[in-house]
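A.B. asks: As a plain string of letters, each chain reads:
There are 2 protein chains.
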Amino acid sequence: MRATLLYQAGDVRVEDVPDPKIQQPTDSVIRIVIGCVCGSDLWPYKSAPFTDHPRQMGHEFIGVVEETGPDVHNVKPGDLVVAPFTYADNTCEYCRMGLHTSCRHGGQWGLNGVDGGQGEACRVPYADGTLVKLPVTEDSPLLPDLLTLSDVMCTGYHAARTAGVKPGESVTVIGDGAVGLCAVIAARLLGAGRIILMGRHAPRTDLGREFGATDVVAQRGQDGVAAVRELTGGFGTERVLECVGLKDALVQSAAVVRDGGTISRVGAPQYPEVPFGFPEFLRNITLTGGVAPARGYMEELMPRILSGEIHPGRVFDRTVPLGQVAEGYRLMNDREALKVIVRP
Amino acid sequence: MRATLLYQAGDVRVEDVPDPKIQQPTDSVIRIVIGCVCGSDLWPYKSAPFTDHPRQMGHEFIGVVEETGPDVHNVKPGDLVVAPFTYADNTCEYCRMGLHTSCRHGGQWGLNGVDGGQGEACRVPYADGTLVKLPVTEDSPLLPDLLTLSDVMCTGYHAARTAGVKPGESVTVIGDGAVGLCAVIAARLLGAGRIILMGRHAPRTDLGREFGATDVVAQRGQDGVAAVRELTGGFGTERVLECVGLKDALVQSAAVVRDGGTISRVGAPQYPEVPFGFPEFLRNITLTGGVAPARGYMEELMPRILSGEIHPGRVFDRTVPLGQVAEGYRLMNDREALKVIVRP
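Chains as they are written, first to last, in this note's numbering: chain V, 1 to 344; chain F, 1 to 344.
Just so you know, not all the hints are guaranteed correct.
Any copy, or any two copies together, can satisfy a pair, since identical chains are not distinguished.
Computed list of lysine to aspartate or glutamate pairs in DMTMM-like fashion (alpha-carbon distance at most 25 Å, straight line) [stated by the list, open to error]:
#1 Lys166 / Asp215
#2 Lys133 / Asp89
#3 Lys166 / Glu230
#4 Lys46 / Glu327
Calculated directly from the structure, the hints in this document are not laboratory data.
With the hints as constraints, model all of the structure from the sequences given.
C.D. replies: This is the structure:
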């Protein structure tokens, strides 16, 4: 089959790789119907050194089950399914507490003989635990929305949930990428009264307004902080959803959060240390969040997509065929596209 | 009056200072009955450079109201009162949410013309908001217990409350100082099922067992981490109460907390950055806590002292008269005493 390989920064190729086969009795093999490029794929796209053992890329996909191992009972050939961005058994102690990203048997796509999601097919470990069946057909117009359950919608929701957003509260969302926009949706779902989106790209923040942002702050640094403070009577917001992953975004988060408030970080940290010492201690600021256990949120969020209550698939603004996936990376990296669908 | 002054590291003196007087209509002046030395006093005691404008020391005290300004209505001359380690108006937005340490009019003892608590008397700003009346007389044997409401008992409780300790949960307390021991009391009050106290000083950890610790781990570093992991089936504990304030203690906290768990820090940070980058992000670890808004917990905890349910005053193992306060500092700094009462 054909799959997306990253050889080094800026060098994405589609090449032939071995067809996936059942290896464990708990595996299934699925034919991928729709995948996409993630903001987190851009970190290695920007910086990875050359390798002659390139990794299969992609960790968000919907597909049709083609084959199942003898211990797979929850899905069967022909089912349309969505996968979270890490696989998990959904039965261990961590999965039972909703922390599927810490699953004792879980792992990442594209590593250790497991395929990636930007390809024609994929071997899925722990298929019963990992896959969630979709009650639509593969030609459904809801497929892009449902694809966001793999990652960005669940990640935005994780930010809002771990931040503890409650009805009527004020929330700042830092970052106008797909996760930030989904965090706006999530904050609104949880009843936030004021949602301030900090981002500089008008087409994205405009979509953020449609998703529920009550205010947009385009300024950065001290000007941006001053704007949020002015909107909140000088206090800052009770919750901050940090959807970038850079240290500057954390500093900004601390500057716009109210004393006693909570910052949830869901942007993959590109920093080794958090600059929260004595001043943030004196302000009783909480730092929470982390990598989103998407699998734990999928059943909860899916009905809201199926009912049309939320429409997170609007973050996709381009579609490329698998053969042009490199162009998809380029579009996102150059900010010509917000998020790109890949169709095998 | 006489008061304790810190001139530089290791140089604590008792000298005459001006008698406190009412300056604002919301002030009161109290005669101090009992005060004490705090672990946090030891940071400047270890490191402060010389000054010829020495600060009045002490921020924990019980006293008798001698005089009140015309706008003070909640306390009157003759009342025995306890003060929290920061003063606060108890009416602003932050105080109403229980975050008295962020009070818009609050501040620290011993600064800006406000006296310290290791002296004969003290001017108390915002007396109505700051002071809590005690329903005992100044010769009550409960005075040391009630004195812990100024700081250490409320600080330990803040750790447990912000960590979100729930009945049956597992908790590690890092640090066997007075705050750590009070955190053990607090974890037990909140129903923790297992309380692992990490500390190396047997007389202190023995007291910790009496306060409710189910296990004591005396080893440090990797051995200590291994011991906690072994006690918890490999997982670590759901909550960690960090009662030290050093970076090493934070690293240890992360190593003994369960994935998805919460670390509450109440030790004053002696570090500018928190070493929680990508690995802690992947484990969904939450960092909370901060300086304790003691005033917000005093009414809640006082009945538990008056009823004899908790006995935090046992952390005091020495008493010195005011004239020997320097010896009190030395005893604590040399770890010959756990916590020292100062009697004017």
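A.B. asks: All hints are to be evaluated individually against the structure, with a verdict given for each.
C.D. replies: Cross-check of the supplied hints:
{"no.": "1", "hint": "Lys166 / Asp215", "result": "within (18 Å within a copy, 37 Å between copies)"}
{"no.": "2", "hint": "Lys133 / Asp89", "result": "within (15 Å within a copy, 57 Å between copies)"}
{"no.": "3", "hint": "Lys166 / Glu230", "result": "within (22 Å within a copy, 37 Å between copies)"}
{"no.": "4", "hint": "Lys46 / Glu327", "result": "within (14 Å within a copy, 61 Å between copies)"}
Violated hints are absent here; each numbered hint is respected by the structure.
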